[in-house]
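*Asks:* Residues per chain are reported as follows:
Protein chains: 2
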Amino acid sequence: MAVAAKMLQFIENSSWIRKMFEEGTRLKAIHGNENVFDFSLGNPNVPPPDIVKEKLLEIVQREEKGKHGYMPNAGLLSTRTAVSAFLCREHCVSTASDHIIATCGAAGALNIIFKALLDPGDEVVVPAPFFVEYGFYADNHGGVLKTVPSREDFSLDLPAMEEAIGPRAKVVLINSPNNPTGQVYSAEEIRELSRILEDKSRSLGRTLYLVSDEPYRKIVYDAETVPCIFEHYPHSLIATSYSKDLSLPGERIGFVAVNPGAEAVEKLVEALTLANRILGFVNAPALMQRLVVELQGICVDIDLYKRKRDRLVEGLQSAGYELTVPKGAFYLFPRSPLADDIRFVRLLQEENILVVPGTGFGGPGHFRIAYCVDDATIENSLPGFRRAMERARKMR
Amino acid sequence: MAVAAKMLQFIENSSWIRKMFEEGTRLKAIHGNENVFDFSLGNPNVPPPDIVKEKLLEIVQREEKGKHGYMPNAGLLSTRTAVSAFLCREHCVSTASDHIIATCGAAGALNIIFKALLDPGDEVVVPAPFFVEYGFYADNHGGVLKTVPSREDFSLDLPAMEEAIGPRAKVVLINSPNNPTGQVYSAEEIRELSRILEDKSRSLGRTLYLVSDEPYRKIVYDAETVPCIFEHYPHSLIATSYSKDLSLPGERIGFVAVNPGAEAVEKLVEALTLANRILGFVNAPALMQRLVVELQGICVDIDLYKRKRDRLVEGLQSAGYELTVPKGAFYLFPRSPLADDIRFVRLLQEENILVVPGTGFGGPGHFRIAYCVDDATIENSLPGFRRAMERARKMR
Numbered sequence: 001m002a003v004a005a006k007m008l009q010f011i012e013n014s015s016w017i018r019k020m021f022e023e024g025t026r027l028k029a030i031h032g033n034e035n036v037f038d039f040s041l042g043n044p045n046v047p048p049p050d051i052v053k054e055k056l057l058e059i060v061q062r063e064e065k066g067k068h069g070y071m072p073n074a075g076l077l078s079t080r081t082a083v084s085a086f087l088c089r090e091h092c093v094s095t096a097s098d099h100i101i102a103t104c105g106a107a108g109a110l111n112i113i114f115k116a117l118l119d120p121g122d123e124v125v126v127p128a129p130f131f132v133e134y135g136f137y138a139d140n141h142g143g144v145l146k147t148v149p150s151r152e153d154f155s156l157d158l159p160a161m162e163e164a165i166g167p168r169a170k171v172v173l174i175n176s177p178n179n180p181t182g183q184v185y186s187a188e189e190i191r192e193l194s195r196i197l198e199d200k201s202r203s204l205g206r207t208l209y210l211v212s213d214e215p216y217r218k219i220v221y222d223a224e225t226v227p228c229i230f231e232h233y234p235h236s237l238i239a240t241s242y243s244k245d246l247s248l249p250g251e252r253i254g255f256v257a258v259n260p261g262a263e264a265v266e267k268l269v270e271a272l273t274l275a276n277r278i279l280g281f282v283n284a285p286a287l288m289q290r291l292v293v294e295l296q297g298i299c300v301d302i303d304l305y306k307r308k309r310d311r312l313v314e315g316l317q318s319a320g321y322e323l324t325v326p327k328g329a330f331y332l333f334p335r336s337p338l339a340d341d342i343r344f345v346r347l348l349q350e351e352n353i354l355v356v357p358g359t360g361f362g363g364p365g366h367f368r369i370a371y372c373v374d375d376a377t378i379e380n381s382l383p384g385f386r387r388a389m390e391r392a393r394k395m396r
Numbered sequence: 001m002a003v004a005a006k007m008l009q010f011i012e013n014s015s016w017i018r019k020m021f022e023e024g025t026r027l028k029a030i031h032g033n034e035n036v037f038d039f040s041l042g043n044p045n046v047p048p049p050d051i052v053k054e055k056l057l058e059i060v061q062r063e064e065k066g067k068h069g070y071m072p073n074a075g076l077l078s079t080r081t082a083v084s085a086f087l088c089r090e091h092c093v094s095t096a097s098d099h100i101i102a103t104c105g106a107a108g109a110l111n112i113i114f115k116a117l118l119d120p121g122d123e124v125v126v127p128a129p130f131f132v133e134y135g136f137y138a139d140n141h142g143g144v145l146k147t148v149p150s151r152e153d154f155s156l157d158l159p160a161m162e163e164a165i166g167p168r169a170k171v172v173l174i175n176s177p178n179n180p181t182g183q184v185y186s187a188e189e190i191r192e193l194s195r196i197l198e199d200k201s202r203s204l205g206r207t208l209y210l211v212s213d214e215p216y217r218k219i220v221y222d223a224e225t226v227p228c229i230f231e232h233y234p235h236s237l238i239a240t241s242y243s244k245d246l247s248l249p250g251e252r253i254g255f256v257a258v259n260p261g262a263e264a265v266e267k268l269v270e271a272l273t274l275a276n277r278i279l280g281f282v283n284a285p286a287l288m289q290r291l292v293v294e295l296q297g298i299c300v301d302i303d304l305y306k307r308k309r310d311r312l313v314e315g316l317q318s319a320g321y322e323l324t325v326p327k328g329a330f331y332l333f334p335r336s337p338l339a340d341d342i343r344f345v346r347l348l349q350e351e352n353i354l355v356v357p358g359t360g361f362g363g364p365g366h367f368r369i370a371y372c373v374d375d376a377t378i379e380n381s382l383p384g385f386r387r388a389m390e391r392a393r394k395m396r
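Chains as they are written, first to last, in our numbering: chain P, 1 to 396; chain A, 1 to 396.
Bound-form chain P, shown alone (with noise of 0.2 angstroms):
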């Protein structure tokens, strides 16, 4: 065949979501915009904060030599030291700017962690529902995505994790806040996730990573806070990236942290670097390596999206949906009223509202509502969630 059996196999096995997007696409047409309520994609609708357009306007007009030209494959050193110094600032951790590496968004960040981590084979534990772009990134780098269910309010399965973890494990990732549920793990689970960690390395005769995919560690609502891992589990990674603090998703920035004390650190860092270079990333893109230096700890503003929160928290319950409240990120996960949550999917898509199925995140029977839209959006989809509800009570 022309095109690789691979990614045939994966155009195919994606072709049912794309539908539905096809399908929103005409409603769309048919019904204009702003009659189509579109909760699928997970693209900030907060503008970025003022002061992002205030320091690239300045960096533009800067005169520097090589401004926009190759840096080191592992960023900019003002970069990683203002990343570093941010990090050991807000969790009294020691990293320094040799543990981070630039990268191209969250995206990137993975990609090079698992290119440096995985032999062929190696497992991925992750907790369900997950991101379903993780598969993809361990099985580019010969990876194997092994997922455990998790409870039924979002927490982690401890024992179930435990139980998953054989000698094929190589990573456990956690994503918290969680997309799609917007659950933030506790101190409590991160504490616990990292003893059996430690006792599964040492039974297992090879050390076990933690990584944590945290890009919207700083969209969290009533004052909950999220666990630094670093603080709990030596042979851990951060990944992340700026999109959602700085409503900048299509900039691809974002940064590797390495904690201090994993084991071969210094070789995991030197991986990490040729990966980003060897991957074709060669280096996260320059202006935005120079803005974030002075952007450490900015964020928009998170009551923009706890209003939007409560507000359709508040309809969805009164139209008599179950869900569980997130503490972070922009993301519902409602149990949908009919077993099948594609079904139900297509029942809303009747009502011109567009959400993803639980089943492409691996947590059938809910779907996900991304909230990071107009308000207005979220107030006039009401009525049609309300009625969804109604015609999916007559068919159970």
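Calculated directly from the structure, the hints in this document are not laboratory data. Incorrect hints may appear among the rest.
Straight-line alpha carbon distances no greater than 27 angstroms define the calculated DSS-like cross-link-like pairs of lysine-lysine that follow [said to hold, decoys possible]:
id, chain 1, residue 1, chain 2, residue 2
1, A, LYS267, P, LYS19
2, P, LYS53, A, LYS53
3, P, LYS218, A, LYS67
These figures come from a predicted structure and were not determined experimentally.
Chain P is already provided as a structure; the job is to place chain A on it using the hints.
*Replies:* The following block gives chain A in isolation, referenced to the frame of chain P:
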């Protein structure tokens, strides 16, 4: 082991080149940057055209919803349209926006091409000397690089290429203007190569793809032109970037263009788009996509590079170096006066001159000079080049 075995091997294999770079850093620390003549990196020193800054300021200032947001994985429609319109105008080929995928530079472009095309064990046939990253890019996606030595003057050895294309071949990859040789393949060579590919596709019963990596297309001298492969062979793809013509390699912006006549063109575009997504690029950086919409056909002042080439060619030839005058790019690949090019590169280091051994490019017995440096660096290095030649002659 903690780090993936393959990555450890890669790190080990490249340790000699790293030692060379460390020696360069050491020399700079001792003698000062200005007294070390660093020709080791292809990081363009010619600044971006003024219009780059102008347009960037315009774009950053412009009010536009979702300006920095996620964009379609294949790129903004306006970017894809601008690129295809330019290709049509420039090469009279009927490429449409559908056939363009915006990428994170040419490195990103080649990686998505290999991901989309290669089944495990598929071969990528490339004339040597070659850009050393190709081996990694092919291997990332299960492919195997097969190199074919070029002729004395670095033109294609077509009978040898024909010979090298066996039943596992899937891609023939050319790079013109070439890194490291500066060679540009003629229309005649491309025509003959295309004939070979057609014959071989027929006799092997599988479509061979021709991929042209051409980030240096606009950097050519003496009215040289670079033939467009689309005019010669239907199953062809162009991988390129704006890194060199706009002097912004750190910003990671380029594209893949697929020949509309390629076998399975629609599936191929779909696979490339999916590859952009799942390899973690997600989309080419947003700001840069918006920038290049308005800068099609714009290029740095080539005369600056030409002057550097001419001065260096003259200086080296008068010192007794044998070389093929490069037709494009900003590299010279002279013959090493010692058969052992690594040894000669060390000799140059003793003159505070940093270059890369040809062995690193599959071109032993040569060395690469990246002359995208200040004129003073060239001028002041010439006595050292002369002394190294004299010493080498005595050593033979």
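*Asks:* State for each hint whether it applies.
*Replies:* Structure-based check of each hint:
1. Restraint check: the Cα-Cα separation between A/LYS267 and P/LYS19 comes to about 16 angstroms, which is no more than 27 angstroms; the hinted pair holds.
2. As the CA atoms of P/LYS53 and A/LYS53 are separated by approximately 15 angstroms, the hinted pair is consistent with the 27 angstroms bound.
3. With a C-alpha separation of about 22 angstroms, the suggested pair P/LYS218 and A/LYS67 falls inside the 27 angstroms cut-off, and the hint holds.
The structure meets every hint from the earlier list without exception.
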